[in-house]
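Let the sequences and hints guide you as you build the complete structure.
If you want the building blocks of each chain, they are given just below.
There are 2 protein chains.
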Amino acid sequence: MPITKVKDEELLDRLTDVFRTHGFEGASLSRISEATGLQRASLYHRFPGGKEEMAQAVLERAGQWLGNRVLAPLSGPGKPADRIRKMAHELHLFYGGGKHSCLLDSLSFGFEESTIKRHVREGMGAWVEALAKVAREAGVSPKKARQQAQDAISLLQGGLVMARVLNDTGPFERTLANLPHVILNN
Amino acid sequence: MPITKVKDEELLDRLTDVFRTHGFEGASLSRISEATGLQRASLYHRFPGGKEEMAQAVLERAGQWLGNRVLAPLSGPGKPADRIRKMAHELHLFYGGGKHSCLLDSLSFGFEESTIKRHVREGMGAWVEALAKVAREAGVSPKKARQQAQDAISLLQGGLVMARVLNDTGPFERTLANLPHVILNN
DNA sequence: GTCTATAGCTTGATAGAC
DNA sequence: GTCTATCAAGCTATAGAC
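For the protein sequence lines, the chains are Y and E, in the order given.
If you're matching positions, the first sequence starts at 1 in my numbering and goes up one per residue.
If you're matching positions, the second sequence starts at 1 in my numbering and goes up one per residue.
Note that these hints are calculated values from the structure, not bench results.
As the structure is a prediction and not an experimental result, all values here were calculated from the model.
A few of these clues could be false.
Here are the simulated EDC-like pairs of lysine to aspartate or glutamate, each with C-alpha atoms no more than 20 Å apart in a straight line [claimed, not checked]: (1) Lys117(E) with Asp168(Y); (2) Lys99(E) with Glu90(Y); (3) Lys51(Y) with Glu25(E); (4) Lys133(E) with Glu90(E); (5) Lys143(Y) with Glu25(E).
This is the structure in structure tokens:
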């Protein structure tokens, strides 16, 4: 037996899957245990803070993905439309072509303010701001840039909801293809 | 003491609130009991099928609202743009200006196929189809009508997600105002 | 680092008095 | 129709062996 039964990366992958499929309250330790192949006690060894810490670790990693694969390319070199197409490709991969739900959706239910909700809010806020910045760089007015960035996020999030409900990833994928137009339209 | 402590309508109102705020798994009987003012046993007297039946009753009522306040006006008399504005007004009321989440979102987590998920799917499907029909009546090509209907639902659902996460109902309300353009654009 | 076993609480659901 | 009291099962979390 190896020192660790499941590597950190794969463990976080599976945790991510459970949380975005079932939400925080629906992600019971039984489901997590089954999905990861680790018993309860082993999970607590890795995450002494329990379920809350697992969710935070998942969000932290998603935040890194957002920074490295979305925000960085968006503020990198290249034509604005190309940067957005690059992001769309990363989103296509991350969301399994629309088959996976977004943590920003699944982990935002319940009204009590928490570290998790703050983390989710920061992620979405940074995303909107990065999109608006690209639009401004492409010559869109600040006000319109902000609105079009919001529209893009709405279309993406709503597209994922539709995919989950209707079992149809078409709208989400079409939104990915239209992102440059939605964000840069002048 | 009146025969019933809480009237059916108000009971369903409060149940709706709990389910769309916390999702199905997060809507514990403790929360439901607190929100409705009824003890567990009283809830089971009204809904012998338990939590599942409560959620179904909530969805059934939401389906009636959808039919009476959204689908009916959409297929009624009047100019297409006016019908859509009428719907937008009803949506504004139903979602508390964006402060309330949508049941189609909150009750669609978890992958196991269920009566609830089927109910949710039918609701969203009928909504998309009704919007596409209005667009076609306004002269939009069938293909474009379908896409613009999907975009409208995506924008609405995503706007509600954004509102919940960012605590900002602006994008949702702006989408409501833009609905005629989104759906009827030729 | 993983496991079995278990503690203690919360869950969904029921029985029976009023 | 509502309530108190209760149940078994599920939950999160912990102790301690290997």
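- Item | Enumerated hints in conflict with the structure, sorted upward | Those not satisfied are hints 2 and 5.
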